[in-house]
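Q: In case you want the letters, here they are:
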Amino acid sequence: MELQSLTYIVVGLTFAIYIGIAIWARAGSTKEFYVAGGGVHPVANGMATGADWMSAASFISMAGLIGFSYQGYGGSVFLLGWTGGYVLLAMCLAPYLRKFGKFTVPEFIGDRYYSKAARVVAVLCLVIASLTYVIGQMKGIGVAFSRFLETSYETGLTAGMVVVFIYAVLGGMKGITYTQIAQYVVLIFAYTIPAVFISLSLTGNPIPQLGLGSSLLSDGTYVLDKLNQVVTELGFAEYTTSTRGSTLNMFMYTMSLMIGTAGLPHVIIRFFTVPSVKDARKSAGWALVFIAILYTTAPAVAAMARLNLMETIEPTPGNYLAYDERPQWFKNWETTGLLKYEDKNGDGLIQYSADKQSNEMVKVDNDILVLANPEIAGLPNWVIALVAAGGLAAALSTAAGLLLAISSAISHDLLKGIIRPSISEKGELNASRIAMAFTVLLAGYLGFNPPDFAAGTVALAFGLAASSIFPALMLGIFYKRMNTAGAVAGMLSGIGVTLLYVFQHKGVMFVQSTSFLGGFEANWFFGIEPNAFGAVGALVNVVVALLVCRMTAEPPKEIQALVDFIRAPHSSAQKEAVIADH
Amino acid sequence: MNNKADAYWKANLRLIAILLTVWFVVPFFGGIVFVDTLNRISLGGYPFGFWVAQQGSIYLFVVLIFYYAKRMSDLDDQFADDSRVEGER
Chain U
51 MELQSLTYIV VGLTFAIYIG IAIWARAGST KEFYVAGGGV HPVANGMATG
101 ADWMSAASFI SMAGLIGFSY QGYGGSVFLL GWTGGYVLLA MCLAPYLRKF
151 GKFTVPEFIG DRYYSKAARV VAVLCLVIAS LTYVIGQMKG IGVAFSRFLE
201 TSYETGLTAG MVVVFIYAVL GGMKGITYTQ IAQYVVLIFA YTIPAVFISL
251 SLTGNPIPQL GLGSSLLSDG TYVLDKLNQV VTELGFAEYT TSTRGSTLNM
301 FMYTMSLMIG TAGLPHVIIR FFTVPSVKDA RKSAGWALVF IAILYTTAPA
351 VAAMARLNLM ETIEPTPGNY LAYDERPQWF KNWETTGLLK YEDKNGDGLI
401 QYSADKQSNE MVKVDNDILV LANPEIAGLP NWVIALVAAG GLAAALSTAA
451 GLLLAISSAI SHDLLKGIIR PSISEKGELN ASRIAMAFTV LLAGYLGFNP
501 PDFAAGTVAL AFGLAASSIF PALMLGIFYK RMNTAGAVAG MLSGIGVTLL
551 YVFQHKGVMF VQSTSFLGGF EANWFFGIEP NAFGAVGALV NVVVALLVCR
601 MTAEPPKEIQ ALVDFIRAPH SSAQKEAVIA DH
Chain L
3 MNNKADAYWK ANLRLIAILL TVWFVVPFFG GIVFVDTLNR ISLGGYPFGF
53 WVAQQGSIYL FVVLIFYYAK RMSDLDDQFA DDSRVEGER
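Chains as they are written, first to last, in this note's numbering: chain U, 51 to 632; chain L, 3 to 91.
Keep in mind that a hint or two might mislead.
One side of the interface only, derived from the structure: several residues of chain U facing chain L at Cβ under 10 angstroms [what the hints assert, rightly or not]:
(1) C142
(2) A334
(3) T346
(4) I363
(5) G477
For the record, the hints were derived by calculation from the structure and aren't laboratory data.
None of the values given here were measured: they were computed from a predicted structure.
Just so you know, even glycine gets a beta-carbon here, dropped at the ideal spot from N, CA and C.
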């Protein structure tokens, strides 16, 4: 069957499943809307968390980032940073926040720091971090549609928005949870099937994680040795050893991504949906299992696809492919503008090298690596159709999770918590649906008119989560004496330092730069790039919080009792009773 | 806070401290700081340091979380004898 009609069928089928689930999983109460009724099985929640977490960036861009921009080993910062955060989440946040037993992250901060101001600051951090993140997902939806279904970007974005609108507004967290499970299944098959085929064809080993450590069927050398040889001959840095900046930069970058991951509200709230504290811990483990399946496959995809690409262009050393003989996938991707060739020396051959003067592959977009992979490897059309559906599943599931985090902060924290505490449950449920509808429209608007700084905002989202939300939560749980003044001063100074550093190097609101992967600069603080600064922001937050806390009065007795309550997984559920004892 | 809850919390902190040390040392030292040294050893076709950074640490994270969940689950039961386990919902 022709590729395009096949893609329509596969994508249409997955969308029909998502909408079917939405109708089945309508939310009837605020508890269902915010936390899916609190009865999601830990394995199911782990799977939903996997889809919630793995965005268009993880699915489409990460392998390309590792393989091209970060030149192999340097890409370890993403692999380590975006998985290691789950250990922090499982040990330092998820069980205690689950025990707290409420609906949102700002709600915990507001209660723990007995302050509406702290709650508002938390809402602000959450909305900025999540909204900037959502723009990227909206863009991913539009791009995936326009590339695979040959619709316009706008049509694709509208179709994606309608689907999210239906299941997020109807079902809230309940609808989102069950669609995310379906989306995980779609995306993981879409990611691993091409990887298995490629590993099999290059090394004879069907498991990509093992294939990357095996030898090539063609000449018996190890995949990584061969790749090192091929890239260094063309003047690129050695694949297995080239670092991203200094060792210190890699260290801080990884740490920032880990802390940021653990502090992202749309991930944290997923752990409010399981039945118990024990389930919250286990569920974090399952989430990481489901994430690790993709994250340990990605390095194999990165290395093997890069090797495939290099060997297509230069089959044997010094023997370049003639432009007229380029394969069909090369032509397809040229029309999208993601791949560009310029015959600089006029010999009709494709010279690819690290030297900017003589390099004729003037553009190789990172995103090509995953999207064009099945075509480069000559896989059947249904695999390509599945990759399209997988990219959309990754973008939709993350967008929905982010939208829920934003809309619940608006309806539950701002409306119910601060503006109209007397609102009825039914009124709040309606308000949460209206807030969701409004948020979807806002995200859609931003998707249609992506601000200039959109590309730089992922760094901002992680920076904010790392420098404000994570330390505030962690200190609230592990340091009983932490008080309002300390927490608010810490959050504001952490955000302040991070924003200052990011803006200082990228222009205020990123006006001067569109690429957050821009080159290195001499005046970076100890050579730390702005993306890697969240960990410094977190440290500033903690130090300031502790200093200010020491100089001000300790929190009231009932707050200390609240901390005792969240620390003890089996103490009685009657928090009020615990508090009344003191 | 009574003595029992206190002992439970201390045991939890001790466990977290040990596991987070492993969580920190393996990827940050094995995968980043001393990666060149470890790369002299090979694991099949993988330089070992590279494998730690792109594969091994991720498997380790999974093991750490499940180990923590198991140990805490036992600890919960041990300290829950006379208090109501019910009411976690």
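Q: Each hint: holds or not?
A: Comparing the hints with the structure gives:
| no. | hint | result |
| --- | --- | --- |
| 1 | C142 | holds, 7 angstroms |
| 2 | A334 | holds, 6 angstroms |
| 3 | T346 | holds, 6 angstroms |
| 4 | I363 | violated, 23 angstroms |
| 5 | G477 | violated, 25 angstroms |
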